[in-house]
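Asker: Below are the chains, spelled out letter by letter.
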Amino acid sequence: MLLLFSGRAHRWAGPPRAVALFGLGLIGGAILRSLHEGRGWDTREIPFPWAPGSSQSAAARTVLEAVTDAWDRCPVATEGRVDLVWAAGRAGFGAEPADTAAERQSFACVMDLFEALHCRRPAAGIAAHLVSSAGGLFEGQTSVGSEHCPAPRRPYGELKLAQERRLDEAAFAGRYVYRPTSVYGLVQGIHRRGLISTLVYNGLLGRVTRILCGFETLRDYVHVRDVGAFVAGRILQGAAGAYSPAGPFLLAAGKPTALHEVIGAVEAVLRRRVYLSLDYSPANSLDITFSSRALPEGWSPTDLATGVRLVHESAASRTS
Amino acid sequence: MRRRRRRPRGRPPTASTVRIQVMDPLTITVVVPVYSGEDYLEVLAGELGAVRREWEQQRRPFRLLELIFVDDAARDESSAVLERIAARHDWVKVITLSRNFGQHPATIAGILYSSGNWVVTMDEDLQHPPSAIIELLRTVARTGADIVYASPCGHVHGSMYRDLASRGVKKLVGVLTRNPMVEHFNSFRLIRGSIARAAASVCGYETYLDVAFSWFSLRFETFPLTLRDKRHMTRGSSSYGLRRLRSHSRRLFVSSQTRLLRLGAVLGVAAMLLAAALALHVLFTHSVDPSAVEVRGWRSLFVAILFFGGVCAFLIGVLIEYATSLVLHVQGKPTFFVVDRSADEILRRHFEAGG
Numbered sequence: 001m002l003l004l005f006s007g008r009a010h011r012w013a014g015p016p017r018a019v020a021l022f023g024l025g026l027i028g029g030a031i032l033r034s035l036h037e038g039r040g041w042d043t044r045e046i047p048f049p050w051a052p053g054s055s056q057s058a059a060a061r062t063v064l065e066a067v068t069d070a071w072d073r074c075p076v077a078t079e080g081r082v083d084l085v086w087a088a089g090r091a092g093f094g095a096e097p098a099d100t101a102a103e104r105q106s107f108a109c110v111m112d113l114f115e116a117l118h119c120r121r122p123a124a125g126i127a128a129h130l131v132s133s134a135g136g137l138f139e140g141q142t143s144v145g146s147e148h149c150p151a152p153r154r155p156y157g158e159l160k161l162a163q164e165r166r167l168d169e170a171a172f173a174g175r176y177v178y179r180p181t182s183v184y185g186l187v188q189g190i191h192r193r194g195l196i197s198t199l200v201y202n203g204l205l206g207r208v209t210r211i212l213c214g215f216e217t218l219r220d221y222v223h224v225r226d227v228g229a230f231v232a233g234r235i236l237q238g239a240a241g242a243y244s245p246a247g248p249f250l251l252a253a254g255k256p257t258a259l260h261e262v263i264g265a266v267e268a269v270l271r272r273r274v275y276l277s278l279d280y281s282p283a284n285s286l287d288i289t290f291s292s293r294a295l296p297e298g299w300s301p302t303d304l305a306t307g308v309r310l311v312h313e314s315a316a317s318r319t320s
Numbered sequence: 001m002r003r004r005r006r007r008p009r010g011r012p013p014t015a016s017t018v019r020i021q022v023m024d025p026l027t028i029t030v031v032v033p034v035y036s037g038e039d040y041l042e043v044l045a046g047e048l049g050a051v052r053r054e055w056e057q058q059r060r061p062f063r064l065l066e067l068i069f070v071d072d073a074a075r076d077e078s079s080a081v082l083e084r085i086a087a088r089h090d091w092v093k094v095i096t097l098s099r100n101f102g103q104h105p106a107t108i109a110g111i112l113y114s115s116g117n118w119v120v121t122m123d124e125d126l127q128h129p130p131s132a133i134i135e136l137l138r139t140v141a142r143t144g145a146d147i148v149y150a151s152p153c154g155h156v157h158g159s160m161y162r163d164l165a166s167r168g169v170k171k172l173v174g175v176l177t178r179n180p181m182v183e184h185f186n187s188f189r190l191i192r193g194s195i196a197r198a199a200a201s202v203c204g205y206e207t208y209l210d211v212a213f214s215w216f217s218l219r220f221e222t223f224p225l226t227l228r229d230k231r232h233m234t235r236g237s238s239s240y241g242l243r244r245l246r247s248h249s250r251r252l253f254v255s256s257q258t259r260l261l262r263l264g265a266v267l268g269v270a271a272m273l274l275a276a277a278l279a280l281h282v283l284f285t286h287s288v289d290p291s292a293v294e295v296r297g298w299r300s301l302f303v304a305i306l307f308f309g310g311v312c313a314f315l316i317g318v319l320i321e322y323a324t325s326l327v328l329h330v331q332g333k334p335t336f337f338v339v340d341r342s343a344d345e346i347l348r349r350h351f352e353a354g355g
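Taken in sequence, the protein lines are chains A and B.
So the first sequence is numbered by my numbering: it starts at 1 and just counts up by one.
So the second sequence is numbered by my numbering: it starts at 1 and just counts up by one.
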């Protein structure tokens with residue numbers, strides 16, 4: 001995990017701020033980039049093990065000590081603010097219950113310690129930002145709007161729902177839940193790429209992409225840059241202690257997109273056919289679409305054609 | 001006498017074809033392109049809302065999931081009307097196009113924003129009664145079709161000339177292209193969602209949408225309906241002037257087939273063979289009677305012209321064949337498409353039980 005501090009060198013005004021970013025993968029990395037674009041930060045990396053136990057608890061305490069030390073060192077005699085961002089995701093969409101258990105415990109561990117911080121320093125501003133999953137929560141539902149209830153069909157969705165409920169029970173005021181749909185984008189070193197990035201990457205290298213759903217399967221695709229910018233915007237806005245926990249925020253394109261449309265968009269950008277291996281699974285072929293009426297204010301998703309082009313530019317520079 | 005090609009008839013689904021257990025009702029998206037409908041949109045939305053409520057009350061195994069209006073840079077106050085309608089109903093969506101693109105592109109946009117198992121397209125001007133949607137579904141249940149067109153009974157536009165012109169063009173194109181669907185094309189249609197979206201995703205600006213549907217399925221049916229173009233009958237005008245109708249017909253013809261291109265290729269080969277035959281004839285007559293033509297060098301010049309002319313015609317024919325392949329590729333005609341009709345069993349059981 002990564003700690004970010006508002007340093008004096010970066011001309012921060014007001015109370016000291018910290019961001020505890022758990023998860024530096026696809027979405028976490030995008031949030032980090034957007035935070036750096038918004039303001040300058042001092043950073044400190046703290047290894048946070050996934051395995052629950054004493055080492056994990058010790059790491060979490062180290063995080064809190066680092067945050068409170070930064071507050072105490074600040075010449076401004078006021079309590080600071082810390083934003084806990086949980087974008088970690090060891091378990092993927094197809095995870096088994098055993099895979100999600102460790103993640104559930106890790107999130108609970110971090111939440112417990114930040115609640116303990118809230119008890120010790122009640123005047124401090126504490127906000128938690130949870131990157132959940134619209135796909136996991138609403139799998140099999142179409143045209144999902146604000147009136148729809150989450151109904152997970154697999155352990156991954158249940159994990160996300162449990163995390164949302166845990167966050168809802170938190171004692172501190174700032175609670176933000178983000179529900180991105182099918183996020184795509186290219187991040188160096190991340191082994192779990194997602195469909196669109198995999199299609200582009202394999203297309204450039206002439207490799208075969210394995211498809212697990214039907215060509216007509218509808219999903220909603222959003223570029224990771226948009227997700228990162230939106231979450232970072234919520235972190236950066238607002239004064240210490242003044243939270244408006246609206247949400248959950250549905251981060252979707254509001255446009256159902258079939259797989260064949262995605263493949264067409266990728267082939268149009270690559271200007272070549274992509275090789276596909278079809279491994280059709282009915283369980284992976286449920287439509288998941290979202291109503292454009294349920295999207296939050298200030299959210300401007302990139303269209304698919306542009307998004308694929310952005311992925312292509314990133315991938316091409318790495319494969320050349 | 002040439003035997004007419006029979007169009008493929010869909011077989012109604014049987015219990016053994018059901019592979020997926022569908023727990024939720026089948027969903028229907030209605031797509032309405034809007035250009036000048038300020039006088040009709042409120043009533044249309046009201047009628048569709050009534051249909052939606054009626055199906056819910058009757059506990060039908062299908063529901064009207066969403067109504068998508070596509071604002072095609074409407075030239076009247078339709079945009080404001082749509083905004084009011086969408087504010088009142090959360091199942092109504094409005095997509096606003098950046099400029100006027102035309103009815104087919106607007107319909108394509110609406111289809112690409114749909115997520116229903118079935119998609120209904122209809123006009124903005126109350127020409128197509130929402131209450132008839134259930135009859136289109138009943139036709140699917142009865143026949144297993146992928147596409148159902150409303151088939152107008154009587155005069156639609158109140159003008160025999162206009163109706164005859166419309167039907168005549170479609171009939172002519174249907175004969176020339178040997179596509180049995182063409183003469184039945186109508187903007188009030190029910191299409192299987194996966195096919196609608198697949199066809200819409202390959203359509204270019206010049207592609208005629210219904211022709212694209214026919215690339216994916218020829219299992220279509222028609223349902224007779226009394227349709228009335230009230231706008232034309234009351235105002236004596238429609239949003240389709242003569243110029244747009246001509247453009248419409250041109251696009252229909254060009255999208256329908258590549259036979260004209262192929263005809264060019266055939267003519268090229270035929271010209272080459274004719275050239276070869278004439279050249280042989282000239283050489284033969286020269287060998288039989290060298291003195292028949294007094295002008296020296298005429299025969300050799302003629303043979304040379306025929307030879308190179310034939311070669312050019314042949315090469316042009318070859319190029320046209322390649323152009324045909326490119327056109328088919330650019331048009332997006334699929335190599336194959338897989339469809340799942342298992343959920344049709346739900347409709348069949350419902351309507352057979354008297355639903």
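Quick caveat, the hints were computed from the structure, so don't treat them as lab data.
Don't take every hint at face value.
[To be verified] Non-contacting residues of chain A with respect to chain B, defined by C-beta distances greater than 12 angstroms in every case (computed):
#1 T68
#2 R120
#3 S143
#4 E164
#5 E169
#6 E216
#7 A229
#8 H260
#9 I263
#10 P282
#11 A294
#12 H312
[Claimed, not checked] Residues from chain A that face chain B, not an exhaustive set, calculated with beta carbons under 8 angstroms:
#13 E115
#14 T142
#15 G145
#16 F215
#17 K255
#18 P256
#19 A258
#20 L259
#21 E261
#22 T289
[Stated by the list, open to error] A short list of chain A residues far from chain B (calculated; beta carbon distances all over 12 angstroms):
#23 F48
#24 A102
#25 S292
We put the beta carbon where it would ideally sit given N, CA and C, even for glycine.
Asker: Can we keep the T142(A) interface hint, with Cβ of chain B closer than 8 angstroms?
Answerer: 4 angstroms, holds
Asker: Taking the closest pair, is the beta carbon of E169(A) still more than 12 angstroms from chain B?
Answerer: Non-interface label on E169(A) holds, nearest chain B Cβ at 30 angstroms vs cutoff 12 angstroms.
Asker: Would you assess whether H312(A), listed as outside the interface, keeps its beta-carbon beyond 12 angstroms of every beta-carbon in chain B?
Answerer: Consistent with the label, H312(A) stays out of reach of chain B, its closest Cβ about 19 angstroms off (over 12 angstroms).
Asker: Taking the shortest Cβ-to-Cβ distance between E164(A) and chain B, state whether it exceeds 12 angstroms.
Answerer: At about 23 angstroms from chain B, E164(A) clears the 12 angstroms cut-off, so the statement holds.
Asker: A229(A) clear of chain B by more than 12 angstroms, beta carbon to beta carbon?
Answerer: It holds; A229(A) is separated from chain B by about 24 angstroms at its closest Cβ, greater than 12 angstroms.
Asker: Do the numbers back the hint for G145(A), that is, is its least Cβ distance to chain B under 8 angstroms?
Answerer: This hint holds: G145(A) lies near chain B, its Cβ roughly 6 angstroms from the closest one there, short of 8 angstroms.
Asker: Can we keep the L259(A) interface hint, with Cβ of chain B closer than 8 angstroms?
Answerer: Check failed: Cβ of L259(A) comes no nearer than 10 angstroms to chain B, outside 8 angstroms.
Asker: Far enough from chain B: is every CB of that chain over 12 angstroms from the CB of S143(A)?
Answerer: Violated, since 5 angstroms does not exceed 12 angstroms.
Asker: So is H260(A) really clear of chain B, every C-beta pair being over 12 angstroms apart?
Answerer: 6 angstroms, violated
Asker: Going by Cβ atoms, does R120(A) stay more than 12 angstroms from chain B at every point?
Answerer: 44 angstroms, holds
Asker: Please check whether T289(A) passes as an interface residue: C-beta within 8 angstroms of a C-beta belonging to chain B.
Answerer: 4 angstroms, holds
Asker: At 12 angstroms, judged by beta carbons, does I263(A) keep clear of chain B as stated?
Answerer: Label violated. Min Cβ-Cβ 10 angstroms, cutoff 12 angstroms.
Violated hints, listed in ascending order, are 3, 6, 8, 9, 10, 11, 13, 20 and 25; each of the other numbered hints is respected by the structure.
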